[in-house]
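Colleague: Here the protein sequences come in this chain order: S, B, F and C. For the record, in the first sequence the residue sitting at position 77 is 77 according to my numbering, with numbers rising by one throughout. For the record, in the second sequence the residue sitting at position 142 is 142 according to my numbering, with numbers rising by one throughout. For the record, in the third sequence the residue sitting at position 4 is 4 according to my numbering, with numbers rising by one throughout. For the record, in the fourth sequence the residue sitting at position 46 is 46 according to my numbering, with numbers rising by one throughout.
No wet-lab data here; the hints were simulated from the structure. Be aware that one or more of the hints could be misleading.
As the list claims (entries may be wrong) - Heads up, simulated EDC-like pairs for lysine to aspartate or glutamate below, C-alpha to C-alpha not over 16 Å straight-line:
| hint | chain 1 | residue 1 | chain 2 | residue 2 |
| --- | --- | --- | --- | --- |
| 1 | B | K2 | F | D69 |
| 2 | C | K2 | S | E77 |
| 3 | F | K124 | B | D76 |
| 4 | F | K125 | B | E77 |
| 5 | S | K2 | C | E115 |
To be verified - Covered stretches of chain C (in silico footprint by chain B; criterion: 3 or more residues with CB under 8 Å from a CB of chain B, positions within the stretch not fixed):
| hint | segment |
| --- | --- |
| 6 | 17-24 |
| 7 | 29-43 |
Small disclaimer: the values here were computed from a predicted structure and weren't measured. By construction, the Cβ of each residue, glycine as well, lies at the ideal position given by its N, Cα and C atoms.
4 protein chains.
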Amino acid sequence: MKPEAYRLQLETYPLVNTIPSRFQDLDPLGHINNVAIGAFYEEGRGNLNRKAFSLEMRKTHGMRMVIADVHIAYLDEAFYPSDLVVGSGILRIGGSSYTIAQALFQDGRCIGASEAVLVNTDGKKPAPIPRQGRDALESLMIKTA
Amino acid sequence: MKPEAYRLQLETYPLVNTIPSRFQDLDPLGHINNVAIGAFYEEGRGNLNRKAFSLEMRKTHGMRMVIADVHIAYLDEAFYPSDLVVGSGILRIGGSSYTIAQALFQDGRCIGASEAVLVNTDGKKPAPIPRQGRDALESLMIKTA
Amino acid sequence: MKPEAYRLQLETYPLVNTIPSRFQDLDPLGHINNVAIGAFYEEGRGNLNRKAFSLEMRKTHGMRMVIADVHIAYLDEAFYPSDLVVGSGILRIGGSSYTIAQALFQDGRCIGASEAVLVNTDGKKPAPIPRQGRDALESLMIKTA
Amino acid sequence: MKPEAYRLQLETYPLVNTIPSRFQDLDPLGHINNVAIGAFYEEGRGNLNRKAFSLEMRKTHGMRMVIADVHIAYLDEAFYPSDLVVGSGILRIGGSSYTIAQALFQDGRCIGASEAVLVNTDGKKPAPIPRQGRDALESLMIKTA
Numbered sequence: 001m002k003p004e005a006y007r008l009q010l011e012t013y014p015l016v017n018t019i020p021s022r023f024q025d026l027d028p029l030g031h032i033n034n035v036a037i038g039a040f041y042e043e044g045r046g047n048l049n050r051k052a053f054s055l056e057m058r059k060t061h062g063m064r065m066v067i068a069d070v071h072i073a074y075l076d077e078a079f080y081p082s083d084l085v086v087g088s089g090i091l092r093i094g095g096s097s098y099t100i101a102q103a104l105f106q107d108g109r110c111i112g113a114s115e116a117v118l119v120n121t122d123g124k125k126p127a128p129i130p131r132q133g134r135d136a137l138e139s140l141m142i143k144t145a
Numbered sequence: 001m002k003p004e005a006y007r008l009q010l011e012t013y014p015l016v017n018t019i020p021s022r023f024q025d026l027d028p029l030g031h032i033n034n035v036a037i038g039a040f041y042e043e044g045r046g047n048l049n050r051k052a053f054s055l056e057m058r059k060t061h062g063m064r065m066v067i068a069d070v071h072i073a074y075l076d077e078a079f080y081p082s083d084l085v086v087g088s089g090i091l092r093i094g095g096s097s098y099t100i101a102q103a104l105f106q107d108g109r110c111i112g113a114s115e116a117v118l119v120n121t122d123g124k125k126p127a128p129i130p131r132q133g134r135d136a137l138e139s140l141m142i143k144t145a
Numbered sequence: 001m002k003p004e005a006y007r008l009q010l011e012t013y014p015l016v017n018t019i020p021s022r023f024q025d026l027d028p029l030g031h032i033n034n035v036a037i038g039a040f041y042e043e044g045r046g047n048l049n050r051k052a053f054s055l056e057m058r059k060t061h062g063m064r065m066v067i068a069d070v071h072i073a074y075l076d077e078a079f080y081p082s083d084l085v086v087g088s089g090i091l092r093i094g095g096s097s098y099t100i101a102q103a104l105f106q107d108g109r110c111i112g113a114s115e116a117v118l119v120n121t122d123g124k125k126p127a128p129i130p131r132q133g134r135d136a137l138e139s140l141m142i143k144t145a
Numbered sequence: 001m002k003p004e005a006y007r008l009q010l011e012t013y014p015l016v017n018t019i020p021s022r023f024q025d026l027d028p029l030g031h032i033n034n035v036a037i038g039a040f041y042e043e044g045r046g047n048l049n050r051k052a053f054s055l056e057m058r059k060t061h062g063m064r065m066v067i068a069d070v071h072i073a074y075l076d077e078a079f080y081p082s083d084l085v086v087g088s089g090i091l092r093i094g095g096s097s098y099t100i101a102q103a104l105f106q107d108g109r110c111i112g113a114s115e116a117v118l119v120n121t122d123g124k125k126p127a128p129i130p131r132q133g134r135d136a137l138e139s140l141m142i143k144t145a
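Extracted from the complex, chain S is given alone in its bound form (with noise of 0.2 Å):
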């Protein structure tokens, strides 16, 4: 993966989290190790999902995601204790799927980019996104450049 510039701004990005990093987050080379930078990334796409699909929207289409596929380019380094700064945003939406991009930023460092697909499902199967799911989704589109 080898994000265009304007994936690795934070004003690309409709939602920002402020995550602090933790010490064991640490690895023996004195950086947040590369499978704990996942998640942050995670903490974003969820708060996104929260935003998108509220708890009464879940129940009622019987909705639960599951995340197909993570892409994750790691740029530069990360360190403790400084926070992380998740920038999260739709790029695609297909009938049961949609893209979440993100970038994460320590100190006005873009450290990284990542790509996740989720799938809506019934719990066992892929689901069309219920409309206003859908509209929500679109209301949190990245800005592209």
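Model the placement of chains B, F and C on the given structure of chain S, informed by the hints.
Modeller: Structure of chains B, F and C alone, referenced to chain S:
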């Protein structure tokens, strides 16, 4: 907690699990992080609980075990990628609670010991451990000196 | 550990940190896993150590703190995505060791308390805490009832 | 990432590691969390790197591998307490970088596949992989269909 000498011997414990360390367990000092150490004891306790209480017993009696207290003594450093070996056994059995004693080993060295109090509940409040469960716990007592 | 009532009050602790929970902290029972809880206390201890011992002091005296003992009482469940608030302070100061007392809160409820013994070492064996460090620890004592 | 069928066969991979799942890997949905899944692939990569590059080679050449890109396809759920089996091998070798292909299995089912790009550095910038290291990587190529 100043564990007695016999508590630092693997022979003391009726149940023994071997658990590989993971790169993620390491901290910037190059040894396994002290919070991560907690996961090895947790694996030993889970193993003991699965041995003592069958799924059928849990369902029949509506048993749900919650952890009330964990005490860990850190005696030596642990490293990656060697395995950790956890010994687990029962120290005390009360009406609705029981105490698990454990010790952790790497390459023959005892690197720590732990005690944890678990309480059987009905999902809300403490509930007596059923006779069959007490018998199972008694068969898993540690060998006192 | 049966913590006294004053230990379950946030006002007891001179240092307070707010730490967001993460989805990863959850376990299959839907609450924050008891091993994961250990990381919140660790963040509070790290914060206290950074306040008490400057990098310069650590270098000058070759200080390296190791954890000898951690005791956690689990009093209530914690959930996601609310923040956790950890209060930390000093309970006892010895020649080369000191005890940190802590409590953990979520949405105003005390969900647990902890005590941890840390030992100052020269990298190998216990070493006296320098005067400047002792003074700093004394300024961070918990407010006893 | 739409992995080809041969990439979902354990026989494709020259290196195989068996890694027990941990209770901590679970999430509230009762399966192994997708970020936690990243740690299993990381163990496989670490194992491959230790096989390919001896400590002596790393020291002599000042090698330090950093991860540039990780792509994971999630194909099925994984559970606890069964072991996970990770297959790892080399997909491509460049001047200073190489790509590791992996797949993850549980109880005979392929639950996912991954590709990761690693870059050899001198600690700061990309550095050519020494001849001896290239030979080792070549001996660990995956078996293409």
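Colleague: If a hint holds in the structure, say so; if it does not, say that too.
Modeller: Against the structure, the hints:
{"no.": "1", "hint": "B:K2 <-> F:D69", "verdict": "holds, 9 Å"}
{"no.": "2", "hint": "C:K2 <-> S:E77", "verdict": "violated, 29 Å"}
{"no.": "3", "hint": "F:K124 <-> B:D76", "verdict": "holds, 11 Å"}
{"no.": "4", "hint": "F:K125 <-> B:E77", "verdict": "holds, 13 Å"}
{"no.": "5", "hint": "S:K2 <-> C:E115", "verdict": "holds, 15 Å"}
{"no.": "6", "hint": "17-24", "verdict": "holds (count 5)"}
{"no.": "7", "hint": "29-43", "verdict": "holds (count 3)"}
Checked against the numbered hints given earlier, this structure breaks only hint 2.
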